[in-house]
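Novice: Sequence:
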Amino acid sequence: MADVSSARTEFVALTAEIVSAYLGCNHVRPADLPSLIQSVHATLAGLASGGSDAPPAVAKATAAEIKRSITSDYLVSFEDGKHYKTLARHLRLRSLSPEAYRAKWGLPADYPMTAANYSAQRAALARRAGLGRAGSARQTAPAAEQDAAEDAAQQMVAGQPSAEQFEEAITREPFDDGDFAE
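So for the sequence shown, numbering that gives the first Met the number 0 puts the first residue at 0; every next one is plus one.
I should point out that these hints are in silico values taken from the structure, not numbers from a laboratory.
Remember, predicted model here, so these are calculated numbers, not experimental data.
Possibly wrong hints are sitting among the right ones.
[Said to hold, decoys possible] In silico PhoX-like cross-links for lysine-lysine, where the CA-CA straight-line distance does not exceed 20 angstroms: (1) 81 to 59; (2) 66 to 81; (3) 81 to 103; (4) 59 to 103; (5) 66 to 103; (6) 66 to 84.
[What the hints assert, rightly or not] Here are the computed distance ranges between Cβ atoms for each label pair: (7) 17 to 99: 23 to 33 angstroms; (8) 128 to 72: 17 to 27 angstroms; (9) 132 to 82: 26 to 36 angstroms.
In this text, a Cβ means the ideal position worked out from N, Cα and C, and glycines have one as well.
Construct all of the structure, not just a fragment, from the sequences and the given hints.
Specialist: Shown next, in the form of structure tokens:
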């Protein structure tokens, strides 16, 4: 009887220690606290009774869940349910490769890791910068010239000098300091 009581006391102490350490690093709603304590205690009790060492099987995502997780602006992570433009960094933080993530959740091989609009935005930015062209054929794209002209117009409207005006101001002859002499 004393062994059972001491084991129970030890489980309670370990549970309290684990939960308090977890709460020190994570935000948990007060309503979720009892289920967290029960889960930790049940896990400790299962480990003590010789429970299986295999992690619990993760339910594979259904076709409807997969379809709902992909939008043009973001992807919904099956790991935490949050929205991401790209899953690469999120998966690296969880020590998962894209292939392992797809296998874990039963996703198709062509499941995207980046939202469509974000990919299009980055591709347009790369094209404007002239990336992806052959070395000798790389020239300033007409769209980039037009963007530069629009930027100059916006700067003038905002009261900022254009690059040409700034360059001219730097290369002018210095003005006479006689007006400011004391």
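Novice: Hints numbered earlier in the text: which of these fail when held up against the supplied structure?
Specialist: Hints that this structure does not satisfy do not exist here, as all of them hold.
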